[in-house]
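Chains as they are written, first to last, in this note's numbering: chain A, 1 to 306; chain B, 1 to 544.
Simulated from the structure, these hints should not be mistaken for laboratory data. Since we're looking at a predicted model, the values are computed, not measured. There could be a bad hint or two in this list.
Here's a subset of chain B near chain A, in silico, CB distances under 8 Å, partners left out [what the hints assert, rightly or not]:
(1) 44
(2) 128
(3) 129
(4) 133
(5) 135
(6) 148
(7) 203
(8) 218
(9) 409
(10) 414
(11) 416
(12) 420
(13) 421
From the three backbone atoms N, C-alpha and C, an ideal C-beta is built for every residue, glycine too.
Now for the letters of each chain:
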Amino acid sequence: MAFVVARRLIQAFLILLGVAAITFLLLYALPADPAVLIAGRSATPQMVANVRHELGLDQPLVMQFLHYLGGLAEGDLGRSYTQRTAVLPLILARLPATLILMAAGILVEVVLGLTFGIIAAVRRGGFVDRTVMMLSFVGVSSPQFVVALLLLYVFAAKLGWFPMSGFGTFGHIVLPATTLGVLGAGWYARMVRSAMIDVLNHDYVRTARAKGLSGRRVIFRHVLPNAILPIIAMVGIDIGQFMSGVVVVEAVYGWPGIGQLAWQAIQQVDVPIIMGVTLVSAFAIVVGNLLADVIAPFIDPRIRAQ
Amino acid sequence: MTNGLLKRAALTALLATSALVPAYMAHAEDEAAAGAKIIVTYKDDIATLDPAIGYDWQNWSMINAMFSRLVDYPAGTSVIKPSLAESYTVSDDGKTYTFKLHTDVKFTNGRPLVASDVKYSIERTINPKTQSPGASFYHSIVGYDAMVGGKADALDGVKVIDDHTVEFTLTQPDATFLNDLALNFASIVPKEAVEAAGGDFGKKPIGSGAFTLKEWTVGQRLVFEKNPDYFVKGRPRIDGYTVEIGQEPLVALLRLQKGEIDIAGDGIPPAKYLEMKNSKDFEGMIVDRQQLETSYVTLNTQVKPFDNVKVRQAVNMAINKDRIVRIINGRAVPANQVLPPMMPGYDKDYKGYPYDVEKAKALLADAGLKDGFSTELYTSNTDPQPRIAQAIQQDLAAIGIKAEIKSLANPNVIAAGGTQGQAAMVWSGGLGWIADYPDPSDFYGPILSCGSAVAGGWNWSWYCNKDMEPRAQAADALPLPAKAEERNAQWGKIFTEIQEKDAPWIPVFNERRVVAKSKRMGGEDQIYIDPTRVIDYDAIYVKK
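Just need the whole structure built from these sequences, with the hints factored in.
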């Protein structure tokens with residue numbers, strides 16, 4: 001086990017290094033020159049050159065990259081061009097909000113997905129099943145910004161049950177988390193349903209039933225634990241998915257996370273912030289997958305045996 | 001006060017002549033509720049509150065209200081008045097300005113503000129290490145070149161005479177120098193606070209203006225509180241304001257309707273504009289005013305076939321500007337010249353090029369391009385700019401020109417425009433030229449002069465007319481306010497001639513600015529869309 005974790009950590013490090021190198025190269029291939037943007041519209045070439053020098057942009061690309069890596073080693077992500085302040089505190093200040101939103105979103109999708117998936121599997125072929133599957137289809141197909149605006153309009157603007165925008169109380173998180181979760185819930189419901197149906201057809205389920213166990217006990221004791229494995233792997237992948245999904249949701253609900261930060265930085269070609277957010281997101285995805293790998297053996301003895 | 005100055009004020013402030021201002025203020029004084037606090041929303045983060053750096057229309061107003069400057073504009077007007085300076089004198093040759101400071105002004109850290117702070121603040125803005133986008137406004141101060149060139153750490157042209165007297169020496173008379181000193185970049189900052197902040201002054205600002213920054217929660221809100229020691233009596237008129245960040249414009253409007261917020265800083269998205277303007281629910285909540293802005297298409301005078309003036313004149317006649325204004329729901333007026341109508345020097349009698357497809361075709365044929373040609377049109381990719389570019393594309397097609405649209409993020413459009421020989425045409429919408437202050441020279445130096453036709457510059461027509469340069473310099477040397485009228489007339493002629501003879505632009509429209517506010521907010525429209533401040537936090541108030 002320790003060996004597996006160590007190997008994955010080395011892989012994670014290499015992945016992050018690769019992400020840093022690729023992002024760096026892509027950003028420097030952009031036609032926009034940050035020095036021109038910073039120096040302002042009335043700047044003379046001399047002033048643009050001054051800014052370029054101050055930012056170290058007049059050095060060869062390799063030197064710039066090494067310099068950046070050197071900073072990374074010391075936990076320094078550089079300084080934002082537009083905000084003129086260190087990048088790391090900007091990201092750290094916003095990271096908790098994104099993590100809270102992601103956790104809440106995952107909770108919503110797992111709870112909704114499991115509930116509807118189980119119901120659909122147990123009543124498969126019937127009216128309930130078909131309704132649930134149709135709803136899940138709608139959930140999977142709805143663009144997030146449409147869901148976000150719809151929920152906002154109905155539950156915040158018209159009914160006034162939740163605040164429209166912002167951060168801080170439980171009420172603030174309900175709509176953004178639901179928006180994030182609805183999409184995933186559709187997938188989860190379908191996955192859980194097919195995994196359950198698959199397991200329900202196994203001989204041991206028939207045996208359990210034959211023993212005279214109650215339907216509820218069969219489902220929760222014998223079927224669900226065997227059907228839940230793919231869900232755990234999916235949660236790991238979802239962390240990566242959500243990193244991109246939060247950009248839209250954070251924008252609509254005014255949620256102060258790193259998605260908003262990234263979106264603004266991209267529009268302003270604020271290279272250090274884009275680099276920083278990309279690295280932190282890549283880190284989160286790597287950690288998410290790592291966790292899913294580590295947790296799976298604890299839940300399924302079959303993997304442990306391998 | 002001369003006649004010329006009065007005329008200029010009337011032109012630029014449209015409604016508010018300087019005679020009317022005190023009257024409306026006195027009236028408003030009675031109806032301001034005491035102790036009120038308001039909420040303002042914006043979508044994007046506030047980048048910085050450092051007055052040497054901040055240069056976007058969100059932070060401009062906040063910085064303006066946090067700091068003081070030697071001179072300033074009374075609310076809603078464009079006439080310079082002493083502010084931190086009690087009084088000032090200008091030498092007869094127009095090269096020496098002497099300012100007497102108020103003796104009782106303190107920074108909000110408690111330290112009295114003295115003349116050496118003025119010298120420090122101006123030097124800080126010019127110092128290349130600061131990377132200020134406003135440094136070049138102060139190019140006429142003696143010693144500027146040495147400092148920008150890295151040869152000097154101090155400005156010879158700013159002298160501290162005593163604690164309350166400071167003297168500026170210029171290399172040549174500069175009519176707009178007082179306007180430059182009224183810009184945020186010339187705000188006075190305390191050296192010890194800048195140094196203590198260690199490069200983060202933009203997040204920990206200290207000034208001597210109407211408000212102080214009480215709290216800044218990154219990505220969420222900024223809380224400003226009234227400065228009880230503010231040296232301008234009776235200002236500000238609210239006890240504080242909170243800026244909430246990250247609010248989508250549509251969400252902000254819904255909240256405004258429910259009375260949760262007071263000013264939706266991002267205004268109204270173009271698609272919702274007509275609906276809201278005609279809605280009973282929003283009656284009295286929409287402020288819609290002209291600003292000092294022109295949106296235009298640059299015609300690159302160095303790229304074939306736009307190096308031929310006949311081609312530039314032809315495309316000027318090909319564009320149906322009325323239709324473009326309809327595309328943005330009438331939020332603009334069609335333009336026929338470089339200067340916007342509220343700018344001194346605007347030529348009311350000049351009609352520009354008519355919309356005349358036949359004449360345009362004839363001119364193209366004259367230029368040897370009877371069958372038209374292919375070219376590129378760059379545009380910002382945020383709505384409604386690509387739609388406007390498409391309208392221009394269709395108009396050009398009608399005279400046989402095939403324009404391919406290059407729709408890019410703003411910084412990339414700016415980069416293309418500033419690269420020699422690259423962008424044949426650039427639609428400036430979304431990046432348009434909004435004047436820093438109401439003086440016509442602002443539309444020449446940075447965007448039409450030979451000096452700005454350089455890599456990374458904003459002269460995207462790459463226009464350089466050697467005959468115009470001495471005329472522009474001569475006009476700029478006419479001192480204000482004494483020669484204001486003559487100066488504006490000269491500038492007006494320069495711009496009319498540029499457009500008539502050389503046609504480096506297609507002036508398309510002058511856009512209006514829209515802000516939405518709650519019904520309890522009081523005051524005239526011009527303090528919500530102030531010509532030099534955007535929102536005037538000193539002057540706005542809540543009705544009793």
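We went through each hint and held it up to the structure:
1. 44: 5 Å, holds
2. 128: 4 Å, holds
3. 129: 6 Å, holds
4. 133: 3 Å, holds
5. 135: 6 Å, holds
6. 148: Holds - the Cβ of residue 148 of chain B comes within 8 Å of chain A, reaching about 6 Å at its closest.
7. 203: Residue 203 of chain B check passes; min Cβ-Cβ to chain A is 6 Å, inside 8 Å.
8. 218: 4 Å, holds
9. 409: 6 Å, holds
10. 414: 7 Å, holds
11. 416: Holds, because the Cβ-Cβ distance from residue 416 of chain B to chain A comes to roughly 7 Å (cut-off 8 Å).
12. 420: 12 Å, violated
13. 421: Because about 14 Å separates residue 421 of chain B from the closest Cβ in chain A, which is outside the 8 Å limit, the hint is violated.
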